[in-house]
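There are 2 protein chains.
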Amino acid sequence: MNPGRCAACRYLRRRCPPACIFSPYFPPNNPQRFVSIHRIYGASNVAKLLQQLPSHLRTQAADSLYLEAQYRIEDPVYGCVGLISLLQQQIHDVERQLAMTQAEIAFRARHPQAVESNLLNNVGNPSFSNQASSWFM
Amino acid sequence: MNPGRCAACRYLRRRCPPACIFSPYFPPNNPQRFVSIHRIYGASNVAKLLQQLPSHLRTQAADSLYLEAQYRIEDPVYGCVGLISLLQQQIHDVERQLAMTQAEIAFRARHPQAVESNLLNNVGNPSFSNQASSWFM
Numbered sequence: 001m002n003p004g005r006c007a008a009c010r011y012l013r014r015r016c017p018p019a020c021i022f023s024p025y026f027p028p029n030n031p032q033r034f035v036s037i038h039r040i041y042g043a044s045n046v047a048k049l050l051q052q053l054p055s056h057l058r059t060q061a062a063d064s065l066y067l068e069a070q071y072r073i074e075d076p077v078y079g080c081v082g083l084i085s086l087l088q089q090q091i092h093d094v095e096r097q098l099a100m101t102q103a104e105i106a107f108r109a110r111h112p113q114a115v116e117s118n119l120l121n122n123v124g125n126p127s128f129s130n131q132a133s134s135w136f137m
Numbered sequence: 001m002n003p004g005r006c007a008a009c010r011y012l013r014r015r016c017p018p019a020c021i022f023s024p025y026f027p028p029n030n031p032q033r034f035v036s037i038h039r040i041y042g043a044s045n046v047a048k049l050l051q052q053l054p055s056h057l058r059t060q061a062a063d064s065l066y067l068e069a070q071y072r073i074e075d076p077v078y079g080c081v082g083l084i085s086l087l088q089q090q091i092h093d094v095e096r097q098l099a100m101t102q103a104e105i106a107f108r109a110r111h112p113q114a115v116e117s118n119l120l121n122n123v124g125n126p127s128f129s130n131q132a133s134s135w136f137m
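Residue numbers (this note's numbering), protein chains in the order written: chain L, 1 to 137; chain E, 1 to 137.
Be aware that one or more of the hints could be misleading.
So the derived list for chain E, only partly shown, Cβ under 8 Å to chain L, looks like this [claimed, not checked]:
hint, residue
1, Q51
2, L53
3, S55
4, G79
5, T101
For the record, the hints were derived by calculation from the structure and aren't laboratory data. Please read all numbers here as calculations on a predicted model, not as lab measurements. For glycine and all other residues, C-beta sits at the position ideal for the given N, C-alpha and C.
Using the sequences and the hints given, assemble the complete structure.
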């Protein structure tokens with residue numbers, strides 16, 4: 001049962017064997033998927049990476065290899081390490097904002113007289129947040 | 001001037017040419033760096049990836065390729081895509097916590113009578129946060 005060559009065997013111009021390691025993960029209707037992976041890892045390295053895994057985990061591995069290859073093609077210098085740095089910076093920013101907001105609550109609880117009603121109406125206003133955060137720095 | 005073979009040429013058991021593409025990024029005192037990269041990408045793919053970049057960007061590219069190779073060795077199924085998913089989940093969680101805390105400030109500003117002094121002393125206590133957040137859900 002070999003109705004047609006998979007995208008990998010087509011690209012490599014070879015016969016698609018019945019137990020082809022690529023066939024389940026690189027269907028012929030999506031040739032670009034193998035082209036990207038081949039460009040970054042090469043066919044033999046992808047085959048090796050898939051073969052060392054139990055078959056029920058190979059789909060996820062092929063998907064993640066494809067994603068990493070796409071990141072590397074889009075950003076040949078940093079690949080997905082660039083995205084990781086960006087996300088880590090984003091977490092740092094949101095955590096800092098959260099700490100400031102929690103400090104704001106604690107301050108209001110302990111010094112209600114310092115918080116005038118017109119300031120209270122400015123919650124969510126960036127200039128208010130900057131002013132409030134300066135209390136805790 | 002070729003005082004010694006680089007880590008790549010040593011691993012590949014070949015002469016290290018004067019203009020070796022690997023030599024500046026794989027010094028002989030860190031052989032593991034090339035072993036990891038070679039295991040995931042293969043030597044010719046790494047050479048190709050480095051050669052297509054201007055020389056002032058190759059150090060960063062070699063570093064990021066090494067990091068990605070390490071992630072893939074540690075997690076052969078998801079590689080650094082696993083870390084990206086984890087970081088995205090972490091951002092989602094912190095953003096949700098921030099939104100809840102901001103809503104808490106807004107609620108207190110508009111309903112000061114609902115916030116009793118003994119509740120105020122519980123700022124930062126997770127059970128208080130859960131109780132407070134239920135007001136806004």
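Hints versus structure:
1. Q51: Nearest chain L Cβ about 11 Å off; hint violated.
2. L53: holds, 6 Å
3. S55: violated, 12 Å
4. G79: holds, 5 Å
5. T101: Constraint on T101 (chain E) satisfied, holds at 5 Å.
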